[in-house]
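Novice: First to last, the protein sequences are chains E and F. Last residue of the first sequence: number 799 in the UniProt record's numbering, and the count goes up by one each step with no gaps. Last residue of the second sequence: number 108 in the UniProt record's numbering, and the count goes up by one each step with no gaps.
Heads up, some of the hints might be wrong.
[Said to hold, decoys possible] Among chain E residues calculated to face chain F with C-beta under 10 angstroms, some are:
1. I74
2. L75
3. Q194
4. K195
5. C479
6. E512
7. C517
8. E538
9. R540
10. R561
11. E794
12. K795
[What the hints assert, rightly or not] Here are a few chain F residues that sit away from chain E, every Cβ distance over 12 angstroms (derived from the structure):
13. E63
14. G87
15. P106
[Said to hold, decoys possible] Cβ-Cβ distance ranges computed for the label pairs, FRET-style:
16. F:D14 to E:E716: 47 to 55 angstroms
17. F:D14 to E:G599: 30 to 38 angstroms
18. E:N780 to F:R51: 31 to 39 angstroms
19. F:C88 to E:A569: 52 to 60 angstroms
20. F:H50 to E:K713: 51 to 59 angstroms
21. F:N99 to E:E486: 38 to 46 angstroms
22. F:A83 to E:Q67: 46 to 54 angstroms
23. F:G11 to E:F635: 39 to 47 angstroms
24. F:D14 to E:T483: 50 to 58 angstroms
25. F:C88 to E:Q67: 32 to 40 angstroms
26. F:N99 to E:Q67: 57 to 65 angstroms
27. E:E702 to F:Q90: 38 to 46 angstroms
28. E:T574 to F:K29: 23 to 31 angstroms
Think of the hints as simulated: they come from the structure by calculation, not from any bench. In this text the structure is predicted, and so the values were computed from the model without any measurement. C-beta: ideal position from N, C-alpha, C; glycine also.
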Amino acid sequence: MEKKKLVLIGNGMAGIRTIEEILKLLPDQFDITVFGKEPYPNYNRIQLSKVLQGDTEIKDITLNEWQWYEDNGILLYPGETVTKIDKDNQMLYTDKGKETPYDHLIIATGSNPFMLPLPGADKEGVTAFRDIEDCEKMIDASKNYKRAAVIGGGLLGLEAARGLLNLGMEVDVIHLADYLMERQLDRAAGELLQKELASQGMNFYLEKQTAEITGKKRVTGLKFKDGGAIPADLVVMAVGIKPNVALAQESGVEVNKGIVVNDHMETNVPNIYAVGECAEHDQMVYGLVAPLYEQGQALAKHISGMNHQGYQGSVLSTQLKVSGVDVFSTGLINETAETKSIKVFDEWQNTYKKILVQDDKLTGAVLFGDTKEGTKLLSLIKKGANVEEYLESQQGADNGESIVTSMSDDEIICGCNGVSKGAIVNSIKADGLSSVEEVKGATNASRSCGTCKNLVSELLTDTLGDEYEADTKESVCACTDLTRDEVVAEIKEKGLTHTKEVMNVLEWKTEEGCSKCKPALNYYLGMVYPKEHEDERESRFVNERLHANIQKDGTYSVVPRMYGGVTNASDLRTIADVAEKYEVGMIKLTGGQRIDLLGVKKEDLPDVWKDLGMPSGYAYGKSVRTVKTCVGAEFCRFGTQDSTGMGIQLEKKFEGLNTPHKVKMGVSACPRNCAEGGVKDVGVVGLDGVWEVYVGGNGGTELRQAELLVKVKSEEEVLEYTAAFLQYYRENASYLERTSHYVERVGVEHVQEIVNDDQLRKELNERMDQALGTYKEPWNEVLESETTLKDLYEKVATK
Amino acid sequence: MEQTVRKVRIGNYDDLPVSLGKAVVVEDKEIAVFRLSNGNIKAIENKCPHRGGVLSEGMVSGEHVFCPLHDWKINVSDGLVQAPDDGCVQTYKTTIEDNQVYVEVPEK
Ligand SMILES: Cc1cc2nc3c(=O)[nH]c(=O)nc-3n(C[C@H](O)[C@H](O)[C@H](O)COP(=O)(O)OP(=O)(O)OC[C@H]3O[C@@H](n4cnc5c(N)ncnc54)[C@H](O)[C@@H]3O)c2cc1C
Ligand code: HEM
Ligand code: SF4
Ligand code: FES
Numbered sequence: 001m002e003k004k005k006l007v008l009i010g011n012g013m014a015g016i017r018t019i020e021e022i023l024k025l026l027p028d029q030f031d032i033t034v035f036g037k038e039p040y041p042n043y044n045r046i047q048l049s050k051v052l053q054g055d056t057e058i059k060d061i062t063l064n065e066w067q068w069y070e071d072n073g074i075l076l077y078p079g080e081t082v083t084k085i086d087k088d089n090q091m092l093y094t095d096k097g098k099e100t101p102y103d104h105l106i107i108a109t110g111s112n113p114f115m116l117p118l119p120g121a122d123k124e125g126v127t128a129f130r131d132i133e134d135c136e137k138m139i140d141a142s143k144n145y146k147r148a149a150v151i152g153g154g155l156l157g158l159e160a161a162r163g164l165l166n167l168g169m170e171v172d173v174i175h176l177a178d179y180l181m182e183r184q185l186d187r188a189a190g191e192l193l194q195k196e197l198a199s200q201g202m203n204f205y206l207e208k209q210t211a212e213i214t215g216k217k218r219v220t221g222l223k224f225k226d227g228g229a230i231p232a233d234l235v236v237m238a239v240g241i242k243p244n245v246a247l248a249q250e251s252g253v254e255v256n257k258g259i260v261v262n263d264h265m266e267t268n269v270p271n272i273y274a275v276g277e278c279a280e281h282d283q284m285v286y287g288l289v290a291p292l293y294e295q296g297q298a299l300a301k302h303i304s305g306m307n308h309q310g311y312q313g314s315v316l317s318t319q320l321k322v323s324g325v326d327v328f329s330t331g332l333i334n335e336t337a338e339t340k341s342i343k344v345f346d347e348w349q350n351t352y353k354k355i356l357v358q359d360d361k362l363t364g365a366v367l368f369g370d371t372k373e374g375t376k377l378l379s380l381i382k383k384g385a386n387v388e389e390y391l392e393s394q395q396g397a398d399n400g401e402s403i404v405t406s407m408s409d410d411e412i413i414c415g416c417n418g419v420s421k422g423a424i425v426n427s428i429k430a431d432g433l434s435s436v437e438e439v440k441g442a443t444n445a446s447r448s449c450g451t452c453k454n455l456v457s458e459l460l461t462d463t464l465g466d467e468y469e470a471d472t473k474e475s476v477c478a479c480t481d482l483t484r485d486e487v488v489a490e491i492k493e494k495g496l497t498h499t500k501e502v503m504n505v506l507e508w509k510t511e512e513g514c515s516k517c518k519p520a521l522n523y524y525l526g527m528v529y530p531k532e533h534e535d536e537r538e539s540r541f542v543n544e545r546l547h548a549n550i551q552k553d554g555t556y557s558v559v560p561r562m563y564g565g566v567t568n569a570s571d572l573r574t575i576a577d578v579a580e581k582y583e584v585g586m587i588k589l590t591g592g593q594r595i596d597l598l599g600v601k602k603e604d605l606p607d608v609w610k611d612l613g614m615p616s617g618y619a620y621g622k623s624v625r626t627v628k629t630c631v632g633a634e635f636c637r638f639g640t641q642d643s644t645g646m647g648i649q650l651e652k653k654f655e656g657l658n659t660p661h662k663v664k665m666g667v668s669a670c671p672r673n674c675a676e677g678g679v680k681d682v683g684v685v686g687l688d689g690v691w692e693v694y695v696g697g698n699g700g701t702e703l704r705q706a707e708l709l710v711k712v713k714s715e716e717e718v719l720e721y722t723a724a725f726l727q728y729y730r731e732n733a734s735y736l737e738r739t740s741h742y743v744e745r746v747g748v749e750h751v752q753e754i755v756n757d758d759q760l761r762k763e764l765n766e767r768m769d770q771a772l773g774t775y776k777e778p779w780n781e782v783l784e785s786e787t788t789l790k791d792l793y794e795k796v797a798t799k
Numbered sequence: 001m002e003q004t005v006r007k008v009r010i011g012n013y014d015d016l017p018v019s020l021g022k023a024v025v026v027e028d029k030e031i032a033v034f035r036l037s038n039g040n041i042k043a044i045e046n047k048c049p050h051r052g053g054v055l056s057e058g059m060v061s062g063e064h065v066f067c068p069l070h071d072w073k074i075n076v077s078d079g080l081v082q083a084p085d086d087g088c089v090q091t092y093k094t095t096i097e098d099n100q101v102y103v104e105v106p107e108k
């Protein structure tokens, strides 16, 4: 039997959720095709606020990776818009000239932002806040412009405003009503919110109506109806959305405010359905994901031919996603003659709570400052609970019990996805889940707006007890529950000197640790006691134990030191001779400007080193590896500084330094940056009379651009600031944490504060000098020790 | 049928480094011999079941060795690969007489 063709218009949150639900019910029933106007896989639109606020990145908000479409046999046409539906012949047409027949058609085209038809609204610098493109536009604008005006003081507008503040802009919010978020909040909460946001630096113009957007090509300001005006070089319109129904309407599908659907999400045209923000059910159009997901579920059941009561409308709740400001609202919130309210205003803690009661039933709630009760209130209101039930549950909470403990199993934890406490607890137990991420994967809870993460985490604690607590702080490895910081503190405090001693005293769960903690402890001990600690060869990974890089066939590679990547004819001749004598498998230039001799047998290593007579290039260690340099002022026509000289000085100084992970450097003599310092742990760029020092770059697994640490004048200062940075990294990063992760984690501003403090920099340099003082050239050390040669390099042959 | 074994002397007990492995060639085989921190001597096939890593160069913790190539964890007493990975390596019985270490390998 040929599969039925199911086509989805709109690759967004509601449509794809519907497909997910269908695949869950009937995995192989349909040939699925998806058209999406945006050139991305389905992403979490809600998190655009967090992207703008700098809490996450666009690449991290994808909900369904490209691979997901492929794995499920879904044909996706990203960046392709459906332009016409021929309902009589059940055909679709797209802007790229494609024609596609369908058996079932789901319209999930979402909404368009409502753009006020003001004079000047088409100027450059006017944007909505709806999709990735808008988000990128704002981020770009923040780099070149200073003043932003956000029209609309609702959820979306305030989240945009907070984002723009974080991006360093001055932000004015223009709002028509006389308090903020008037649709979700009462006046008291709205005013508290305004006070809080004002203290974060937002500026408000309430009861103002914009009359005109001024400027030539690009916007320069706003004019108000009452005559006032303000300057602005970015205008964000966040005054509302309107269902995107043009396509449906032109194709003869019944449209009112949205595309009109019944309880099964069917339109008036056979085989055409609508879900999401574009759909109108029972005269309601929704703009939040929770109801849209319920619609998707209902439609999935219907299309899959399951008996089902259909979609019954939703009770909404909203939360503002601005860090440091907790606001929650649900149900009916405006007081009338028939309502009574419970109000608690705590001026000291700046929290406000209002719960509306009508005929003894809870009908709505507003929370400000502390929103922990939100999900609980929502589920009580949804089920039309009596006020008594709420007051009883309050007592548990007052006893310091976690709020989730007192919830019943059918109460909803994740509002967006409608996941109940019972469902999560069952999944934790049945599937052995132990982290919020795992719960998200298994149940969808916290997958959308993310505000219920805390509740999920509390449920994990509640269900798993201490086991979970231990897992949430990142321990050194599975052998202990202690974190890196705790272990280092204990080493210092108790004066521990040997990895085994650390494991014993700190009650490791395993007898002798594992391949993660052994080298980590060995490193921490050496970092804390540079002079006293005796390096433990058995706690070293093979490469660092043998001072050569193990290859997949058990042979090794040898990289001689070549300071700054500069060599000479006689060294090259020696290298060539050695390569011939020991018949090395391959001679290759490394990414770090060195010569690599590959395929050397372990037994030959000492002889190879002896014949080379050069120091170890440390190409194998968690240590300072190479300093790449560009040609520089000596020869290059663009060069402004002696980059090779600088590089050689750096490499000579930090040679052999043990670090949490490998450290690679680059020095260039002009911004062309031929030594690629932009992707190095330390990248130095010479300009006329100035050196720039960049840190935290990475060109490997996770590409990261280095950030400017400092600009200095002299070569001595480059050495001094680099030393301070490296020592601070050595003392504070976790073992195996690259500078890129470390700098990302603590922020370059923090590191700058440290190294720019004269006293701290001096002390860091002193400790660095101590560490460097213990360096011994390792190849030579091996050659001089009979026992090491015998223990480590000799192979036993038997008869 | 009982497999006969041959005892091969591989050297002086004191010459084996503590908490480290040593590669020993016996006929056409390479055997990894470990002197554990508790003093015991263990011997296993010197080839990781994953991609042939040289186990004698692995890090030794208690009864386990971690393969130097991709960190598989292998018990040196029973030769079993530890979860989440799966597999096993050949083990060989060892004896110590007069401070000399012997490995028992199957007679050909
Ligand atoms: C910044 C921001 C913050 C938000 N915060 C929250 C929140 O905290 N909580 C919450 O519940 N909700 C929030 N929302 C709302 C939520 O994101 C939306 O309700 C939800 O994304 C709507 O889903 P949808 O599938 O109906 O529409 P969309 O996700 O918009 O998907 C529709 C897709 O269809 C595409 N499309 C349209 N026409 C065509 C065509 N003809 N052919 C092909 N493709 C087409 C569109 O380009 C779009 O990609 C927020 C929204 C924004 C913008
Ligand atoms: C902890 C578990 C594992 C780790 C850390 C790991 C790591 C790696 C690494 C780093 C490589 C590339 C090595 C090289 O090219 O030399 C590799 C290759 C490979 N691994 Fe694993 N691996 C693991 C488990 C497995 C398992 C369980 C299997 C199979 C059942 C497997 C099969 C392979 C195969 C077939 C290759 C070769 C792939 C290729 O050459 O393209 N690995 N592994
Ligand atoms: S970075 Fe500048 S100075 Fe150095 S080699 Fe390249 S172009 Fe020349
Ligand atoms: S070869 Fe041993 S883990 Fe891969």
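Novice: Run every hint past the structure and note whether it holds.
Specialist: Taking the hints in turn, this is what the structure says about them:
1. Against a cut-off of 10 angstroms between C-beta atoms, the interface hint on I74 (chain E) is violated, since the closest Cβ of chain F lies about 31 angstroms away.
2. With a least beta-carbon distance of about 35 angstroms to chain F, the hint placing L75 (chain E) at the interface is violated under the 10 angstroms criterion.
3. Residue-level restraint check for Q194 (chain E) is violated (minimum Cβ-Cβ distance to chain F is 53 angstroms; threshold 10 angstroms).
4. Given hint, K195 (chain E) at the interface with chain F, is violated; its Cβ is 53 angstroms from that chain's nearest Cβ, farther than 10 angstroms.
5. Interface restraint check for C479 (chain E): the shortest CB-CB distance to chain F comes to about 9 angstroms, inside 10 angstroms, so the restraint holds.
6. A cut of 10 angstroms between beta carbons decides the hint on E512 (chain E): the least distance to chain F is about 4 angstroms, and the hint holds.
7. Evaluation of the C517 (chain E) hint against chain F yields a held restraint, the C-beta minimum of about 9 angstroms falling below 10 angstroms.
8. Here the hint on E538 (chain E) is kept, as its CB sits about 4 angstroms from the closest CB of chain F, short of 10 angstroms.
9. Against a cut-off of 10 angstroms between C-beta atoms, the interface hint on R540 (chain E) holds, since the closest Cβ of chain F lies about 8 angstroms away.
10. Because the beta carbon of R561 (chain E) sits about 23 angstroms from the nearest beta carbon in chain F, more than 10 angstroms, this interface hint is broken.
11. Taken as an interface hint, E794 (chain E) checks out: its beta carbon lies about 8 angstroms from the nearest beta carbon of chain F, inside 10 angstroms.
12. Against a cut-off of 10 angstroms between C-beta atoms, the interface hint on K795 (chain E) holds, since the closest Cβ of chain F lies about 5 angstroms away.
13. With 12 angstroms as the threshold on Cβ separation, the claim that E63 (chain F) sits away from chain E is violated: the shortest Cβ distance comes to roughly 8 angstroms.
14. Even its closest Cβ contact with chain E, about 17 angstroms, leaves G87 (chain F) beyond 12 angstroms, as expected for a residue assigned away from the interface.
15. Against chain E, the non-interface label of P106 (chain F) holds: every CB pair exceeds 12 angstroms, the least being about 15 angstroms.
16. Checking the proposed 47 to 55 angstroms range against D14 (chain F) and E716 (chain E) shows it holds: the Cβ atoms sit about 52 angstroms from each other.
17. Distance hint check for D14 (chain F) and G599 (chain E): the Cβ-Cβ separation is about 33 angstroms, which falls inside the suggested range of 30 to 38 angstroms.
18. The hinted range of 31 to 39 angstroms is satisfied by N780 (chain E) and R51 (chain F), whose Cβ atoms lie roughly 33 angstroms apart.
19. With their beta carbons about 53 angstroms apart, C88 (chain F) and A569 (chain E) fall inside the hinted range of 52 to 60 angstroms.
20. As the Cβ distance of H50 (chain F) to K713 (chain E) is approximately 53 angstroms, the hint placing it in 51 to 59 angstroms holds.
21. Taken as a hint, the range 38 to 46 angstroms holds for the pair N99 (chain F) and E486 (chain E), whose Cβ atoms sit roughly 43 angstroms apart.
22. Checked against the hint of 46 to 54 angstroms, the pair A83 (chain F) and Q67 (chain E) fails, with Cβ atoms roughly 27 angstroms apart.
23. For the pair G11 (chain F) and F635 (chain E), the supplied restraint of 39 to 47 angstroms is violated, since their beta-carbon distance comes to about 57 angstroms.
24. Hint check: D14 (chain F) to T483 (chain E), Cβ distance near 40 angstroms, so the stated range 50 to 58 angstroms is violated.
25. Checked against the hint of 32 to 40 angstroms, the C-beta distance between C88 (chain F) and Q67 (chain E) comes to roughly 34 angstroms, which is consistent with it.
26. The beta-carbon spacing between N99 (chain F) and Q67 (chain E), approximately 60 angstroms, falls within the hinted interval of 57 to 65 angstroms.
27. Against the hinted window of 38 to 46 angstroms, the Cβ-Cβ separation of E702 (chain E) and Q90 (chain F) comes to about 40 angstroms, which satisfies the hint.
28. Distance hint for T574 (chain E) and K29 (chain F): a CB-CB separation of about 37 angstroms, inconsistent with the stated range 23 to 31 angstroms.
Violated hints, listed in ascending order, are 1, 2, 3, 4, 10, 13, 22, 23, 24, 28; each of the other numbered hints is respected by the structure.
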